[in-house]
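J.: Add chain B to chain A, keeping to what the hints say.
Chains as they are written, first to last, in the numbering used here: chain A, 1 to 231; chain B, 1 to 773.
Keep in mind that the hints were calculated from the coordinates and are not lab data. Honestly, I wouldn't trust all of these hints.
[Said to hold, decoys possible] Capping the alpha-carbon separation at 20 angstroms, the derived lysine to any residue pairs in SDA-like fashion look like this:
1. B/686 to A/85
2. B/386 to A/12
3. A/116 to B/198
4. B/121 to B/316
5. B/389 to A/137
6. A/75 to B/687
7. B/389 to A/98
8. B/386 to A/137
9. B/762 to A/56
10. A/121 to B/687
11. A/115 to B/391
12. A/138 to B/686
13. A/77 to B/744
14. B/391 to A/75
15. A/81 to B/313
16. B/762 to A/57
17. A/121 to B/386
18. A/115 to B/386
19. A/116 to B/386
20. A/81 to B/686
21. B/686 to A/78
22. A/138 to B/390
23. B/762 to A/119
24. B/389 to A/139
25. B/673 to A/56
26. B/673 to A/115
27. B/713 to B/687
28. B/386 to A/139
29. A/116 to B/391
30. A/81 to B/390
31. A/121 to B/676
32. A/115 to B/767
33. A/81 to B/316
34. A/77 to B/759
35. B/386 to A/140
36. B/391 to A/56
37. B/47 to B/191
38. B/686 to A/73
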Amino acid sequence: MGIIEVKNVNRSFENGKEVAHVLKDINLDIEEGEFVSIMGPSGGGKSTLLYLLGGLDQPSSGSIKINGVDLSTLKDKELCKMRNEEIGFVFQFYNLVPNLSVEDNIALPLMLSGKKISDYKDKIDECLEIIGMKDKRKLTPRELSGGQQQRVAIARALVFDPKILFLDEPIGNLDSKTGFKIMELFRKINEKYNKTIIQVTHSEEAAEYGTSLVRLVDGQIKTVKEVRKTA
Amino acid sequence: MLEKKGRLALLIFSIMLSCALMIVSLGLIDVIFDSFTAPLKKAACGKDISITSSTEEPFFKASDVNEKGIKDLEGELVMTSVIEDEDEMIYANLRGKEELSTDMIKGEFNSSKDKTCVISKRIADDNSLEVGDYLEVIVAGTKERLKVSGIATTDGIFYNDNQSTFTVVVSYKYLDNLIGANGKYNMMTATFAKSAVSKKERTDSLKEFNKANENVIASDIAYMDAGDTGMIQTILYIMLGIVCVVCVLIIRGVFKLIITERIQTIGTFMSQGATKRKIQNMLLVESLLYALVSCVVGTLVGIGGIAILTRVLSPFAKYGIYNEVKINPVHILIGCVFAVILSLFSAWAPIRKVKKLQVKEVILNRVEVHEKTGILTRIITGIGIKLFKNKPTLFLSFNNIRSSKLLRNNMVLLAFSLAAVLSIVSASKSMTDVVVGAYNDMDYDYTITNIISSNAKDTTTDSIIKELKADKNVKNDSINPTYYGYGNLDDFELAVCGVNAQAFQKYIKNYIDFSKEPLKSDYEKFINSSDKEVVISTVGADKINKKVGDMVKISINEKTEEFKIAAIADFKLYNSGCMCLIDQRYIKEIFGIREASNITYDTVRANADTYKKYKKLAKNYGATLSSIEEDKQQNVENNAIMMKAFSVFAYIALGVAAIGIFNNITICFMQRKREFAVMTSVGMNKNMRRKLILAENTICAMVSILVAVPLGKLFNEGIEALLKSMGTPMDVYYDIKGILVYGLLVVGIVIVASLSALKKSKKMSVIAELKYE
Numbered sequence: 001m002g003i004i005e006v007k008n009v010n011r012s013f014e015n016g017k018e019v020a021h022v023l024k025d026i027n028l029d030i031e032e033g034e035f036v037s038i039m040g041p042s043g044g045g046k047s048t049l050l051y052l053l054g055g056l057d058q059p060s061s062g063s064i065k066i067n068g069v070d071l072s073t074l075k076d077k078e079l080c081k082m083r084n085e086e087i088g089f090v091f092q093f094y095n096l097v098p099n100l101s102v103e104d105n106i107a108l109p110l111m112l113s114g115k116k117i118s119d120y121k122d123k124i125d126e127c128l129e130i131i132g133m134k135d136k137r138k139l140t141p142r143e144l145s146g147g148q149q150q151r152v153a154i155a156r157a158l159v160f161d162p163k164i165l166f167l168d169e170p171i172g173n174l175d176s177k178t179g180f181k182i183m184e185l186f187r188k189i190n191e192k193y194n195k196t197i198i199q200v201t202h203s204e205e206a207a208e209y210g211t212s213l214v215r216l217v218d219g220q221i222k223t224v225k226e227v228r229k230t231a
Numbered sequence: 001m002l003e004k005k006g007r008l009a010l011l012i013f014s015i016m017l018s019c020a021l022m023i024v025s026l027g028l029i030d031v032i033f034d035s036f037t038a039p040l041k042k043a044a045c046g047k048d049i050s051i052t053s054s055t056e057e058p059f060f061k062a063s064d065v066n067e068k069g070i071k072d073l074e075g076e077l078v079m080t081s082v083i084e085d086e087d088e089m090i091y092a093n094l095r096g097k098e099e100l101s102t103d104m105i106k107g108e109f110n111s112s113k114d115k116t117c118v119i120s121k122r123i124a125d126d127n128s129l130e131v132g133d134y135l136e137v138i139v140a141g142t143k144e145r146l147k148v149s150g151i152a153t154t155d156g157i158f159y160n161d162n163q164s165t166f167t168v169v170v171s172y173k174y175l176d177n178l179i180g181a182n183g184k185y186n187m188m189t190a191t192f193a194k195s196a197v198s199k200k201e202r203t204d205s206l207k208e209f210n211k212a213n214e215n216v217i218a219s220d221i222a223y224m225d226a227g228d229t230g231m232i233q234t235i236l237y238i239m240l241g242i243v244c245v246v247c248v249l250i251i252r253g254v255f256k257l258i259i260t261e262r263i264q265t266i267g268t269f270m271s272q273g274a275t276k277r278k279i280q281n282m283l284l285v286e287s288l289l290y291a292l293v294s295c296v297v298g299t300l301v302g303i304g305g306i307a308i309l310t311r312v313l314s315p316f317a318k319y320g321i322y323n324e325v326k327i328n329p330v331h332i333l334i335g336c337v338f339a340v341i342l343s344l345f346s347a348w349a350p351i352r353k354v355k356k357l358q359v360k361e362v363i364l365n366r367v368e369v370h371e372k373t374g375i376l377t378r379i380i381t382g383i384g385i386k387l388f389k390n391k392p393t394l395f396l397s398f399n400n401i402r403s404s405k406l407l408r409n410n411m412v413l414l415a416f417s418l419a420a421v422l423s424i425v426s427a428s429k430s431m432t433d434v435v436v437g438a439y440n441d442m443d444y445d446y447t448i449t450n451i452i453s454s455n456a457k458d459t460t461t462d463s464i465i466k467e468l469k470a471d472k473n474v475k476n477d478s479i480n481p482t483y484y485g486y487g488n489l490d491d492f493e494l495a496v497c498g499v500n501a502q503a504f505q506k507y508i509k510n511y512i513d514f515s516k517e518p519l520k521s522d523y524e525k526f527i528n529s530s531d532k533e534v535v536i537s538t539v540g541a542d543k544i545n546k547k548v549g550d551m552v553k554i555s556i557n558e559k560t561e562e563f564k565i566a567a568i569a570d571f572k573l574y575n576s577g578c579m580c581l582i583d584q585r586y587i588k589e590i591f592g593i594r595e596a597s598n599i600t601y602d603t604v605r606a607n608a609d610t611y612k613k614y615k616k617l618a619k620n621y622g623a624t625l626s627s628i629e630e631d632k633q634q635n636v637e638n639n640a641i642m643m644k645a646f647s648v649f650a651y652i653a654l655g656v657a658a659i660g661i662f663n664n665i666t667i668c669f670m671q672r673k674r675e676f677a678v679m680t681s682v683g684m685n686k687n688m689r690r691k692l693i694l695a696e697n698t699i700c701a702m703v704s705i706l707v708a709v710p711l712g713k714l715f716n717e718g719i720e721a722l723l724k725s726m727g728t729p730m731d732v733y734y735d736i737k738g739i740l741v742y743g744l745l746v747v748g749i750v751i752v753a754s755l756s757a758l759k760k761s762k763k764m765s766v767i768a769e770l771k772y773e
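In isolation and in its complexed conformation, chain A is listed as follows:
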């Protein structure tokens, strides 16, 4: 049994009188420790699938299980708890809270779950260490470059030590050099900490950092293949 199981998932959206069938009969199993890249043309349903997997959206039909738990059986509070403690999200546009410092942005999941920040001081320090921004902990997002902001977003996603990370075009807003540094970081997180990572990307180069590649075209999975790891 994989860490993520997707069975016969469909997702449609109503747009006035028209119905858009974005995802059609998606079946997918992801094992723990995999680094899966989902690729495909624009409008193919990649982000939709990602958000379904992350519990931010509900399928029109079918089931999605994470760690054996069917997401459709969870109430909103339970879903939020799951997003808070068991999974992490990283977005293309970083989505940091602009009026919080680096430190506070990283600690945001802790705050929302009612934990004492002081109890997690070491963890926060560790996350800052991983992203290499210990000396910038008091700065606000406005004072950081794009790459630095994305690193903070990654640290936020890691603070609760989740098993799964979901990445939505993580380097889409960065220059290539910075982008690859970020992808290196993800690879390190995947290999060293055995985190399961699922990313949506347009970049072939970014996809090569993963362990498998899923091609999604017109809402359907066309191919799933292993990716040769490069040094």
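T.: Here is chain B on its own, set in the frame of chain A:
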């Protein structure tokens, strides 16, 4: 889209409100004037002035009158009579005429000696009287039965008839016979020689006539002292100012948002060569267009307001008779110009900042709006952030308040309007306390007022005092008649009170401190003096810059006499401090004021029986009796009405602020939807989202209350200064209970205003906010 429509509606509403309120404020004084003067003018049947005797002899002939500046002289006899009624005083004003030109509905006017009368249809209907019925009146203590010979239309001299005071026309010969006028008159009416005269010309003509006549005095029939409305007008404008400040804050906030959202469009314009100046002008023109649209609506609302006030203030509204609605086009023009200036002024502050935009950044859509945070906000939010680091909702709330200009705007709106409300409430309570306190300091049990003038040698005042002195229950040395004349002390307008100095001192000694020197010895001298001396107030002494021993001129009805200042006393709020005291014989002999305005006295026993007894005594003379408790209550009620009227503006300000806050909270949420979506993606559930919205808005309300308290104190000091400058010094004490009551109201307003944002938060699509495409 809805949010933008709501914002536009708020903008137009704010400008419209300031326009409408300005028109109403300007017109209100005219409405008050008209409600008073219009009935008088109608009842005067085209006449401008009334002429009465200014000597001890109440009757005079037409040949005694020097007609300088007047024409159409017409004489009559007037006598106030009373109709017996158990519950209240009903006054029937007998008018002895030689002819009557009013339209008759039934019967006719009989100019012979017979005891017949003509009444109005209104009074005939109210009392179920027909031609041939009898009307019983008490004239100078004797009962007279008058046969109704005619019923006239309720117009002309009958226009002001109401259930408690009405006109009864009798033949001149009958009244002459009754009161012994010997073919003379005690009142004449006339018109100004120059027609359609202005207010100043009327006043000057009256002065000229009075100078030319020693034995008679003329007064404007439709006269209302502008000083009475001066204070009302000043306070109205202050209240209007409070509403305008709230409107300015709202307009400014809305324009700031408009510019922020239009940055991309501005960038497009700049990329096509538009200068910053051009863009500023475009935005100003937009502000002007909003103002013009709002002026149209505001004018209609203002006119509607004037129409409603005219109707409400019509003295005969009860009878379905309403004053004519008069709209002054100048007031409308002022209202519109005011609204336009307000709109441009408010919009200019955010528009001005376009100058600071970097063209390249705007074109590349890289403009970041950095709002400066005030030091007070930084301190308060800093403390909150540190204190509640481990409480995520409060921590995030304080953080959001620190960074959100909209939330801080809400605090300003709330603080300002709440401070205004607290200040008015405090002023109202202080005024009540002062009034109650003042009456507690007065030493009397009863007052007799509405003393009807007697045409006999003995005045009504003398007759009443004679009866009181004969009553063993009345403390004779407390009988204090006060004769009022309104005139000038040098150039200072005030009330001149003719008193028995000793009795007056006894009456007021707990309110005015006569025990301290030099007033103690100065007043003793005044009591025992036989010279023409005057006691003036500290307010008066400051105004005319005189001291004890100096000579001053007192003028009443164009009669002037010199008096020496015997003492200076702080009369505090008695007659608003605008008064002076002279011996009662001088006000009678020199200025011809024969009857007292009121007589106060103290008794050995004051109870329900004595109250009944003295009420009957007063009624016999057509006067009114009230106890000190009744006087206190009436005064408190009068002040309450006035304060309620002014507090309407403060509540309008709070209402407008509430609308502005509702708009700001909604926009604030809409602008932060992405932020909320991000927090949802890291584990914030719907409940926490709701708590966060409520918490930050409630904190805004609490901070506003904290700021409003000292701000209200500042307003109180402003009110004190204003009252002092008007000659009505009064301390304003903070109403602590009001802080609690209105503070809770503010929290309630904010919670209600948050409901829309809470509803939107429930329906928010997290994915729609997070997706980049």
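J.: Against this structure, judge whether each hint is valid.
T.: Checked hints:
no.: 1; hint: B/686 to A/85; in the structure: holds (17 angstroms)
no.: 2; hint: B/386 to A/12; in the structure: violated (46 angstroms)
no.: 3; hint: A/116 to B/198; in the structure: violated (80 angstroms)
no.: 4; hint: B/121 to B/316; in the structure: holds (14 angstroms)
no.: 5; hint: B/389 to A/137; in the structure: holds (16 angstroms)
no.: 6; hint: A/75 to B/687; in the structure: holds (13 angstroms)
no.: 7; hint: B/389 to A/98; in the structure: holds (17 angstroms)
no.: 8; hint: B/386 to A/137; in the structure: holds (17 angstroms)
no.: 9; hint: B/762 to A/56; in the structure: holds (15 angstroms)
no.: 10; hint: A/121 to B/687; in the structure: violated (27 angstroms)
no.: 11; hint: A/115 to B/391; in the structure: holds (9 angstroms)
no.: 12; hint: A/138 to B/686; in the structure: violated (29 angstroms)
no.: 13; hint: A/77 to B/744; in the structure: violated (32 angstroms)
no.: 14; hint: B/391 to A/75; in the structure: violated (24 angstroms)
no.: 15; hint: A/81 to B/313; in the structure: violated (65 angstroms)
no.: 16; hint: B/762 to A/57; in the structure: holds (15 angstroms)
no.: 17; hint: A/121 to B/386; in the structure: holds (16 angstroms)
no.: 18; hint: A/115 to B/386; in the structure: holds (16 angstroms)
no.: 19; hint: A/116 to B/386; in the structure: holds (14 angstroms)
no.: 20; hint: A/81 to B/686; in the structure: holds (12 angstroms)
no.: 21; hint: B/686 to A/78; in the structure: holds (12 angstroms)
no.: 22; hint: A/138 to B/390; in the structure: holds (18 angstroms)
no.: 23; hint: B/762 to A/119; in the structure: violated (32 angstroms)
no.: 24; hint: B/389 to A/139; in the structure: holds (17 angstroms)
no.: 25; hint: B/673 to A/56; in the structure: holds (15 angstroms)
no.: 26; hint: B/673 to A/115; in the structure: violated (24 angstroms)
no.: 27; hint: B/713 to B/687; in the structure: violated (39 angstroms)
no.: 28; hint: B/386 to A/139; in the structure: holds (17 angstroms)
no.: 29; hint: A/116 to B/391; in the structure: holds (9 angstroms)
no.: 30; hint: A/81 to B/390; in the structure: holds (18 angstroms)
no.: 31; hint: A/121 to B/676; in the structure: violated (25 angstroms)
no.: 32; hint: A/115 to B/767; in the structure: violated (26 angstroms)
no.: 33; hint: A/81 to B/316; in the structure: violated (72 angstroms)
no.: 34; hint: A/77 to B/759; in the structure: holds (18 angstroms)
no.: 35; hint: B/386 to A/140; in the structure: holds (17 angstroms)
no.: 36; hint: B/391 to A/56; in the structure: violated (25 angstroms)
no.: 37; hint: B/47 to B/191; in the structure: holds (5 angstroms)
no.: 38; hint: B/686 to A/73; in the structure: holds (18 angstroms)
Checked against the numbered hints listed earlier, the structure breaks hints 2, 3, 10, 12, 13, 14, 15, 23, 26, 27, 31, 32, 33 and 36; every other hint is satisfied.
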